[in-house]
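> Chains as they are written, first to last, in numbering that gives the first Met the number 0: chain A, 0 to 164; chain B, 0 to 173.
No incorrect hints appear here.
Chain A regions said to be covered by chain B (calculated; three or more residues, Cβ under 8 Å):
| # | stretch |
| --- | --- |
| 1 | 39 to 48 |
| 2 | 54 to 61 |
| 3 | 78 to 91 |
Honestly, the hints are just simulated from the structure, not real lab data.
Glycine residues also receive a C-beta, built at the ideal position from the N, C-alpha and C atoms.
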Amino acid sequence: MRILLLLLLFGCLLAPVRAAIEAYEFDSPAMEADYNQLVDELRCLVCQNQNLAGSDADLAQDLRRETYEMLQQGKSRQEVVDFMVARYGDFVLYRPQFKSSTYLLWLGPFLLLVVVLVIVVRRLRAAAKPVGVDAGALADAKKLLEADESDEQGAESEKKAGSEQ
Amino acid sequence: MIRSALPLAVFILMVGLLGYGLSLDPKVVPSPLIDKPAPVFSLPMLEDPARRLSTADMNGRIWVLNVWASWCVSCRAEHEVITKLAGRNLVTVVGLNYKDKSDDATRWLEQFGNPYATSVIDIDGRVGIDWGVYGVPETFVIDADGMIKYKHIGPVTHESLEQKIMPILEELLG
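Taking the hints into account, I'd like the entire structure generated from these sequences.
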């Protein structure tokens, strides 16, 4: 039972929010698909974080009607989008157009990714590279270590000898 | 030293950008119609629906289009400011009665006073859409060439009248 309720809840989350109550009749499935895509991608200006499909605001209803009528008149999807942008600006688009003022918006994430990749690669390379040490100093260090080891060995054998006694 | 200062610099930059973002009003959507020709309309007048006013009638005149409705609460708030503007007789103030019932609109004007030279009826909001209206009230300033010079979204306050609209009108009037 609980699982069923949970599933239902998730089902609600997945379903696209639709407030559209108008029953529009379309000449073709293609036109209906165009309509649905448009009301999904166009923003309602009254309740700004909703699209036209999800908003019950008066203006959203009017803009849905406008969208429907333009499609009925044989206008293309792009023409409807241009109509809206001419009146309300780029803000109505949930999918901003690719143009000079939006290059940063579209390409920014990839640019950031490249920058991060460059930094990561450089760091990894730096970590993998052996640390450059002067050869003379290395030889000295080795000598010291060896001397130390032989000292310790000597001390240990002395200890052993002492404990055996 | 530089290494440790970098995150701080990035942080300060982010705070600056976000702070700037906070200072903007997300409700105000810049209109693409500024410095573009005013969308044409020809609409019946509220006072006498048999007569029509068209944008062509306003050619050669500097005018203000105030979008209002009797159901709009903030229109009542800005009403005295619009009345003040109209009372200065500098420009023609036209009302666009947006998606309203004419009876209600007429009664509203009788009750509060009518500052408009005339109001035109946009019963289904189509002219509103052409003008990019998305919230009533909105106020447009149109110059003698029929170009939209300024759009005010929301109620005009005394401050916004004096500080924003008047300077534009004065510049247009020369």
